[in-house]
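Participant: So the sequences go chain by chain: A and B.
The working numbering puts the first residue of the first sequence at 1, with every later residue one more than the last.
The working numbering puts the first residue of the second sequence at 1001, with every later residue one more than the last.
In case anyone wonders, no lab produced these hints; they're calculated from the structure.
Don't take every hint at face value.
As the list claims (entries may be wrong) - Distance condition first, Cα-Cα at most 30 angstroms in a straight line; then the derived DSSO-like pairs of lysine-lysine: (1) B:Lys-1432 to A:Lys-61; (2) B:Lys-1183 to A:Lys-61; (3) A:Lys-66 to B:Lys-1183; (4) B:Lys-1183 to B:Lys-1432; (5) B:Lys-1432 to A:Lys-66.
Unchecked claim - Some chain B residues judged to face chain A by a derived CB distance under 10 angstroms, without partners named: (6) Asp-1126; (7) Ser-1128; (8) His-1129; (9) Asp-1181; (10) Leu-1349; (11) Ala-1400; (12) Leu-1401; (13) Asp-1409; (14) Arg-1437; (15) Arg-1445.
Just so you know, these numbers come straight off a predicted model, no measurement behind them.
In this text, a Cβ means the ideal position worked out from N, Cα and C, and glycines have one as well.
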Amino acid sequence: MAQERIFGTGAQRREETELPEPGAPAPSAAQAQARTSTGSADDLLAEIDGVLESNAEEFVKGFVQKGGQ
Amino acid sequence: MTVRRVMGAETEYGVLATGNPHANATVLSTQVVTTYAALVRRRLGASRSAADWDYHGETPLEDARGFTVPREQADPTQLTDVAPVLTAEEVAAEALRESGLWAESMDWAQVVMNTVLPNGARLYVDHSHPEYSSPEVTTPRDAVLWDAAGDRVALDAVRAVAASAASTGLDVVNLYKNNTDNKSVSYGAHENYLVPRTVPFDRLATALLPFFASRQVMCGAGRVGLGPRGQRPGFQLSQRADFFEREIGLETTVHRPIVNTRDEPHAERGRHRRLHVIIGDANLSHTAGLLKFGTTSLVLGLVEAGAAPDLGLADPVAALQAISHDPSLRTTVPLRDGRELTGIQLQRLYLEAARAHEEAGGGPDPQTREVLELWGEVLDALETDPLSLADRLDWVAKYALLRGYRERDGLAWDDPRLTLVDLQYADVRPEKGLYHRLVAGGRMRTLFDAEEIERAAGTPPADTRAWFRGHLVSRFPDDVLTANWDSVSVALPGVRRGARIAMPEPLDLTRDDVGPLVGSAPDAEHLVRALAGARPALVHTGSLG
């Protein structure tokens, strides 16, 4: 929830309760700016949708690396 | 004090065979390096195969604390001073099992696992990743530029492999500038900085531990998943934080330390120490990169001047991970003196010390001023409006994208689409890589445009010995037998073993030093003779007149 608090209101999930609680809520400026740019954010996501690999689960599972330095 | 010093970057790319997730990573990496080496040789009109790497001068078991680890006690992956464990023939033989066409498409004598590029960089197979080690540069801006040039090299290699895939039957290979597969494996993006040998290593380590634990608030590349396997859902600042277990040590592949002690100066050992930094994330954002190289160089300057703040952390490894795991940036970590500070507060104390030292020293040069101002500006924004940095920092840009998906589609942190966004942010191809899509859409600020980066992929920096190395390789590609950071060997007609040119000083053999001499030499022999006349101490050959 720490993340949602500073970056706006995303879907609330059980696992986020494990994150450390911040001391104070985020400045409202961040949220205000996030809201005003919602339109272009949607355009961006639509563009990204078009280039994302099609089968996310399979791709993520197949991204296997060997160790490095 | 200044941000200027000799520095460089090393990037290991994640390597993936599209459509064949179980392909051998060493084979794929060899395919990438060999293909790019061939591309360069064609551009240069060279006839012979690429110059070999000269492992003389590699000392991975020398520890900066003043001892040498016995070879039998070292992890096999630490032995980077010998040619890779697999020989080229073994790699080719292994590939043969996977692709019956390899034998026809690949001349075994032409398999390249290690090559020097015309921009003075090294491109090679490091264990199971292709690695680009940038040429030596003297400023943080140049470090960012020639690191980005490596991404361009990676892109050209990927495109060349794809173009030949139909005729060779080999895998199509893609590269990712990230640091983990979220399945327990990590690979590095190292930095290195030249420091006078007179600076005691323990003073460096003391000042760097709290700095490295906290600089990720600016320089982290962002990661979906917590823990080495990404086993806990969530988002964190750093790709690398969860793979570090110790404060100080020599290892780089196991039990990774925040401060690495590898003492491999690649230069005159009596004068120089090359600090080998393994904690950093691979950055795509130019701003994050500038801050990474710039602020680290300034902190090293503070240590050299005896002016570093005393910020000993109670538990640096725990602090590194606690700071990384809290993108709200509010987590505090305990110091040994009882204070509790956030990552931003730790960074501010280094910034204040650097500013105070600059003012006492008569004011910064322009590049130093740029880094100091950016450092302050970014810390302010992280405190008041972190999302405003989505056009400048990797972790914030990535977080903003992920947040968009979570809000629009209601995705949980363990949804594979979010991990895909994380991975694809680092895809080196401009048409697929999400960082590159943000740049193309004007949503990410850059310091260098595509043309400047492409030029740096083929041209060395002018003000270090990389200028000489790069020009030697591009002007006389058939005459350079072997090369490494501090020497090159050149074939000479009638001279057995040719000539070895020593380059013990990183700031020697620059364009100013030897530009006319290299430019006027009609062939390698004339160059060696001219250099032997001008700088006899650097040229070693038995029978040159």
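Participant: Hints first: check each against the structure and report whether it holds.
Facilitator: Hints versus structure:
no., hint, in the structure
1, B:Lys-1432 to A:Lys-61, "holds, 19 angstroms"
2, B:Lys-1183 to A:Lys-61, "holds, 9 angstroms"
3, A:Lys-66 to B:Lys-1183, "holds, 10 angstroms"
4, B:Lys-1183 to B:Lys-1432, "holds, 23 angstroms"
5, B:Lys-1432 to A:Lys-66, "holds, 23 angstroms"
6, Asp-1126, "holds, 7 angstroms"
7, Ser-1128, "holds, 4 angstroms"
8, His-1129, "holds, 5 angstroms"
9, Asp-1181, "holds, 4 angstroms"
10, Leu-1349, "violated, 19 angstroms"
11, Ala-1400, "holds, 8 angstroms"
12, Leu-1401, "holds, 7 angstroms"
13, Asp-1409, "holds, 9 angstroms"
14, Arg-1437, "holds, 6 angstroms"
15, Arg-1445, "violated, 16 angstroms"
Hint compliance for this structure: hints 10 and 15 are not met, and every other hint is.
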